[in-house]
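> Sequence:
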Amino acid sequence: MKFRIPALFVLVSILLLLGHQITRAQPFVHPGGLHTKEDLDRMRSKVAAREHPWIDGWNLFIKDPKAQDTYKARPTPDLRTRQRAQDDATAMYYNALRWYISGEKSHGDCAVRIANDWASKTSLRPYGDDLSGIPIGSFALAAEVLRIYPGWAKKDFEKFKDVMVKHWYPKSRDFLKNHRGGPVDRCWANWDACNMLAVLGIGVLCDDREKFNEAVEYFKNGPGMGSIRNAVPFVHPGGLGQWQEAGRDLAHTMGGQGLLAEFCQTAWNQGVDLFGYDDNRLMKGAEHTAQYTLWKGVPYTYYTNSDHANQSYISTNYKGRLAASHFELLYNHYVVRRGLQAPNIKAFAEMRRPEPSEIDVFGHGTLAFTLDASASPYPAFPPPPVPLDLTATAGIGRIDLAWSPSGAYTAHGYEVFRSVSKDGPFISIHSTDNWTTPAFTDTGVEKGKTYFYAVAALSKAGASGKSSVASAAAATGGALPKEWTHEILGKPKSGGTVKYDQVANHSMVIEVAGAGIGGASDGCDLVSSGFSGDCTLTARLIDRRGAVNRVGLMIRENNAPGSKALALTLGDVGGRQTRFGTRATTGGKMTSQSGNDYTWLPIWFRLQRTGDVFSAFQSPDGATWYEVGKSSVSMSKDVLIGLAASADGKEKERSSVAFDNLTLGVRPPSRPAAPTGLVSAVSGKNEIRLKWTNPANDHAGVRVEAANGDGIFYEIADLPPASTTFVNTGLATSDKLRYRIRAYNIGGFSEYSNATESLSPMNPGAMEK
Numbered sequence: 001m002k003f004r005i006p007a008l009f010v011l012v013s014i015l016l017l018l019g020h021q022i023t024r025a026q027p028f029v030h031p032g033g034l035h036t037k038e039d040l041d042r043m044r045s046k047v048a049a050r051e052h053p054w055i056d057g058w059n060l061f062i063k064d065p066k067a068q069d070t071y072k073a074r075p076t077p078d079l080r081t082r083q084r085a086q087d088d089a090t091a092m093y094y095n096a097l098r099w100y101i102s103g104e105k106s107h108g109d110c111a112v113r114i115a116n117d118w119a120s121k122t123s124l125r126p127y128g129d130d131l132s133g134i135p136i137g138s139f140a141l142a143a144e145v146l147r148i149y150p151g152w153a154k155k156d157f158e159k160f161k162d163v164m165v166k167h168w169y170p171k172s173r174d175f176l177k178n179h180r181g182g183p184v185d186r187c188w189a190n191w192d193a194c195n196m197l198a199v200l201g202i203g204v205l206c207d208d209r210e211k212f213n214e215a216v217e218y219f220k221n222g223p224g225m226g227s228i229r230n231a232v233p234f235v236h237p238g239g240l241g242q243w244q245e246a247g248r249d250l251a252h253t254m255g256g257q258g259l260l261a262e263f264c265q266t267a268w269n270q271g272v273d274l275f276g277y278d279d280n281r282l283m284k285g286a287e288h289t290a291q292y293t294l295w296k297g298v299p300y301t302y303y304t305n306s307d308h309a310n311q312s313y314i315s316t317n318y319k320g321r322l323a324a325s326h327f328e329l330l331y332n333h334y335v336v337r338r339g340l341q342a343p344n345i346k347a348f349a350e351m352r353r354p355e356p357s358e359i360d361v362f363g364h365g366t367l368a369f370t371l372d373a374s375a376s377p378y379p380a381f382p383p384p385p386v387p388l389d390l391t392a393t394a395g396i397g398r399i400d401l402a403w404s405p406s407g408a409y410t411a412h413g414y415e416v417f418r419s420v421s422k423d424g425p426f427i428s429i430h431s432t433d434n435w436t437t438p439a440f441t442d443t444g445v446e447k448g449k450t451y452f453y454a455v456a457a458l459s460k461a462g463a464s465g466k467s468s469v470a471s472a473a474a475a476t477g478g479a480l481p482k483e484w485t486h487e488i489l490g491k492p493k494s495g496g497t498v499k500y501d502q503v504a505n506h507s508m509v510i511e512v513a514g515a516g517i518g519g520a521s522d523g524c525d526l527v528s529s530g531f532s533g534d535c536t537l538t539a540r541l542i543d544r545r546g547a548v549n550r551v552g553l554m555i556r557e558n559n560a561p562g563s564k565a566l567a568l569t570l571g572d573v574g575g576r577q578t579r580f581g582t583r584a585t586t587g588g589k590m591t592s593q594s595g596n597d598y599t600w601l602p603i604w605f606r607l608q609r610t611g612d613v614f615s616a617f618q619s620p621d622g623a624t625w626y627e628v629g630k631s632s633v634s635m636s637k638d639v640l641i642g643l644a645a646s647a648d649g650k651e652k653e654r655s656s657v658a659f660d661n662l663t664l665g666v667r668p669p670s671r672p673a674a675p676t677g678l679v680s681a682v683s684g685k686n687e688i689r690l691k692w693t694n695p696a697n698d699h700a701g702v703r704v705e706a707a708n709g710d711g712i713f714y715e716i717a718d719l720p721p722a723s724t725t726f727v728n729t730g731l732a733t734s735d736k737l738r739y740r741i742r743a744y745n746i747g748g749f750s751e752y753s754n755a756t757e758s759l760s761p762m763n764p765g766a767m768e769k
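Just so you know, we're using UniProt numbering here: the sequence shown kicks off at 1 and counts up by one.
Accuracy of the hints is not assured; some may be wrong.
Heads up, simulated EDC-like pairs for lysine to aspartate or glutamate below, C-alpha to C-alpha not over 20 Å straight-line [unchecked claim]:
id: 1; residue 1: Lys447; residue 2: Asp433
id: 2; residue 1: Lys736; residue 2: Glu715
id: 3; residue 1: Lys296; residue 2: Asp710
id: 4; residue 1: Lys220; residue 2: Asp273
id: 5; residue 1: Lys37; residue 2: Asp207
id: 6; residue 1: Lys460; residue 2: Asp433
id: 7; residue 1: Lys177; residue 2: Glu217
id: 8; residue 1: Lys155; residue 2: Glu217
id: 9; residue 1: Lys499; residue 2: Asp534
id: 10; residue 1: Lys466; residue 2: Glu415
id: 11; residue 1: Lys63; residue 2: Asp433
id: 12; residue 1: Lys177; residue 2: Asp208
id: 13; residue 1: Lys447; residue 2: Asp501
id: 14; residue 1: Lys154; residue 2: Asp109
id: 15; residue 1: Lys449; residue 2: Asp433
id: 16; residue 1: Lys154; residue 2: Asp185
id: 17; residue 1: Lys637; residue 2: Asp534
id: 18; residue 1: Lys154; residue 2: Asp208
id: 19; residue 1: Lys155; residue 2: Asp117
id: 20; residue 1: Lys296; residue 2: Asp433
id: 21; residue 1: Lys630; residue 2: Asp648
id: 22; residue 1: Lys296; residue 2: Asp735
Have a look at the derived ranges for each label pair, beta carbon to beta carbon [said to hold, decoys possible]:
id: 23; residue 1: Lys121; residue 2: Lys491; range: 16 to 24 Å
id: 24; residue 1: Gly478; residue 2: Ala520; range: 29 to 37 Å
id: 25; residue 1: Asp156; residue 2: Gln68; range: 17 to 25 Å
id: 26; residue 1: Arg180; residue 2: Asp648; range: 22 to 30 Å
id: 27; residue 1: Pro299; residue 2: Ser634; range: 37 to 45 Å
Note that these hints are calculated values from the structure, not bench results. The beta-carbon is built from N, C-alpha and C at its ideal position, and this holds for glycine as well.
Work out the full structure: start from the sequences and follow the hints.
Here it is as structure tokens:
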């Protein structure tokens, strides 16, 4: 039986094939990297007309040191100093952009000098650094703007392209193909992303469709961590996408996102939509990061790789830092152009406007990417609400301040004021306009002296009023309680000291003398207490100074250096690796189990014994615990349990570590009882007040969560234990909020309270009575 193919089907198939071939063969758009000519003309006309926010972005841009026509490049034959090369590429881009917008020939000439200097000097493939893709991609994007400058001679332009293809492209392609010859997942997303952008940018600049398609295909289906499904490996209910480096730190997370944002923008200008690929996966990743940076909770899934770079929880390192310059690009594409909902990207862009530059991503997005003035007001909001719930907690030689972020999420920094009297005068001792972190540690204090503090929130629109006043006196520190002893195991060069005080739920500062923890014997400072039978020690490590090698908690059979021992420590590579060491026999070698590979201070540790089973845990917040490891060791019933620290012996200066919240007992406390009777009411303009009852005094704090409409609950505040009210300020008129709360202590979280009904801050019938 013959099978007939309908003529219409054949015709449609041919047309589709021809269309695809035409798309693949169509000429490149020039300029068509980060900007088309239409984009450049918009910048020029808006700045000439002094329209906001473009003129605000321009006024910031022209102050940038790398946007000056006096800039001088320092090229090398092999791109050896990639940070310096990135500076040169950025200066080339800025000067080319400044020429087009202002018409000032001196800036075009400066950009040409940078390009020609590098083209003349380069004679080798980039040296060593796999991150050389960062300046390579930036040079390609800069040249894509500069190519329309009449003062760049054709022969010089061709020479620059030849350097790109002959010397720089092979380096980036080799990385994406071979990944240093090891498992592909050992390489982080930002390492891939910079080389992907380099290949894509070279493809556009050199009219090389094969290179362009190679990069696009890698974004979609590449094996490395820069491929979008690997860069955002998890999409959580509610639509937030977890970035591959979220458990590492927020600086590298932001860097990788910025590079892929530039990648997608370049592809978009060539008619390829990667922003929308896989249901806007890049947007979902940026939403997750922006929400966390704005100091709201986010979901997180455990991540690791073949190097066992365990990441049990989202990183606290750089949390709250606003040093990212790609959110105007993302906001204008996803929200303004596409009309999608991306509230956290929007808030981040508004908070940074006018957007500055950062190290690896060009930035200045208010000038470069704003599409509609009505969608990008500047300033975007009034001054932020007054910070609430300020507390001051004394420690040894320090006072820790904490307060609640407002519901407005418009504060891009805080100013801390201090006085020696509750009536003032208050003097500013700290100010930042680049962090959302609602906390500050004052170490410039006289021990035993009472200080009074107030805090104001900052935004581009101005400062809030000062908060209510909180006070504390830093402790001096004295002798250990009689049940604790300090001794130095092994043979250190000199003796250390220890200070103790009851403040902050028992604090200790150890001046470290010991030489090392691990191997067949330990050389360390041990501050311990004798204990018989089952035992649990919990403590928070809050500071580490000098050449500290390893620091943490320890249980050992006796004080002999080679004693059976178990140690939960922070140290090793970068001082950031958590390890659970076990010496199961006297004089035997200590084996190790890995905890979080990127552990940052402050960090909570717990070491627990149940019979002859020993368990180690770590926690970023003292309430959610992650098991590091478990070991079985036949050990005497009577042991020493306490704090241990060692120095690496390389520095002459004294090293020290500080702990607080020390709790020693048979087992951790029970979880606290749940708060009850939670109610919400409108308490003022754009404000909702919560009230509740704490049925017991067994908790260390209260966490508040909110959900807009039928959305997911996310944490919005962490309150002191005595709190029975919370005011959510600066709310949007469109918000319809539900709340729930739960208490916590080192034993974990309570059950949730009742959830409140959905409430709008503009509902006059719900005003507080």
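> Take the hints in turn and mark each one as holding or not.
Here is what the structure says about each hint:
1. A threshold of 20 Å between alpha carbons decides the hint, and for Lys447 with Asp433 the separation of about 29 Å lies outside it, so the pair is violated.
2. The straight-line distance between the Cα atoms of Lys736 and Glu715 is roughly 16 Å, inside the 20 Å bound, and the hint therefore holds.
3. Between the alpha carbons of Lys296 and Asp710 the distance comes to roughly 18 Å, so the proposed pair stays at or under 20 Å and holds.
4. Taking the CA atoms of Lys220 and Asp273, the gap is about 11 Å. The hint holds against a cut of 20 Å.
5. Only pairs whose Cα atoms come within 20 Å are accepted, and Lys37 paired with Asp207 is accepted, the gap being roughly 17 Å.
6. Restraint check for Lys460 and Asp433: satisfied, since their Cα atoms lie roughly 9 Å apart, inside the 20 Å limit.
7. Between Lys177 and Glu217, the direct Cα distance comes to roughly 13 Å. Compliance with the 20 Å bound is thereby established for this hinted pair.
8. Straight-line distance between C-alpha atoms of Lys155 and Glu217 comes to about 32 Å, which puts the hinted pair past the 20 Å bound.
9. Distance restraint check for Lys499 and Asp534: the Cα-Cα separation of roughly 27 Å exceeds the 20 Å cut-off, and the hinted pair is therefore not satisfied.
10. At most 20 Å may separate the alpha-carbon atoms for a hinted pair to count; Lys466 and Glu415 meet this at roughly 9 Å.
11. For the hint linking Lys63 to Asp433, the alpha-carbon distance of about 18 Å falls within 20 Å, and the restraint holds.
12. Between Lys177 and Asp208 the CA atoms are separated by roughly 19 Å; this keeps the pair inside 20 Å, and the hint holds.
13. For the proposed pair Lys447 and Asp501, the alpha carbon gap of about 12 Å is at most 20 Å, so the pair holds.
14. For the given pair, Lys154 sits about 14 Å from Asp109 by alpha-carbon distance, which is consistent with the 20 Å threshold.
15. For the hint linking Lys449 to Asp433, the alpha-carbon distance of about 29 Å lies beyond 20 Å, and the restraint is violated.
16. Straight-line distance between C-alpha atoms of Lys154 and Asp185 comes to about 42 Å, which puts the hinted pair past the 20 Å bound.
17. Distance restraint check for Lys637 and Asp534: the Cα-Cα separation of roughly 8 Å lies within the 20 Å cut-off, and the hinted pair is therefore satisfied.
18. Only pairs whose Cα atoms come within 20 Å are accepted, and Lys154 paired with Asp208 is accepted, the gap being roughly 18 Å.
19. Proposed proximity of Lys155 and Asp117 is supported: the alpha carbons are some 14 Å apart, at most 20 Å.
20. The hinted pair formed by Lys296 and Asp433 meets the criterion: a straight-line CA distance of about 18 Å does not exceed 20 Å.
21. Our distance criterion of 20 Å between C-alpha atoms is broken by Lys630 and Asp648, whose separation comes to about 27 Å.
22. A threshold of 20 Å between alpha carbons decides the hint, and for Lys296 with Asp735 the separation of about 16 Å falls inside it, so the pair holds.
23. In this structure the supplied range 16 to 24 Å is violated for Lys121 paired with Lys491, their Cβ-Cβ distance being about 54 Å.
24. At about 36 Å, the beta-carbon gap between Gly478 and Ala520 stays in the expected band of 29 to 37 Å.
25. A beta carbon spacing of about 22 Å between Asp156 and Gln68 agrees with the range 17 to 25 Å that was offered as a hint.
26. Against the hinted window of 22 to 30 Å, the Cβ-Cβ separation of Arg180 and Asp648 comes to about 28 Å, which satisfies the hint.
27. Remark: the range hint 37 to 45 Å for Pro299 to Ser634 is upheld by a beta-carbon distance near 41 Å.
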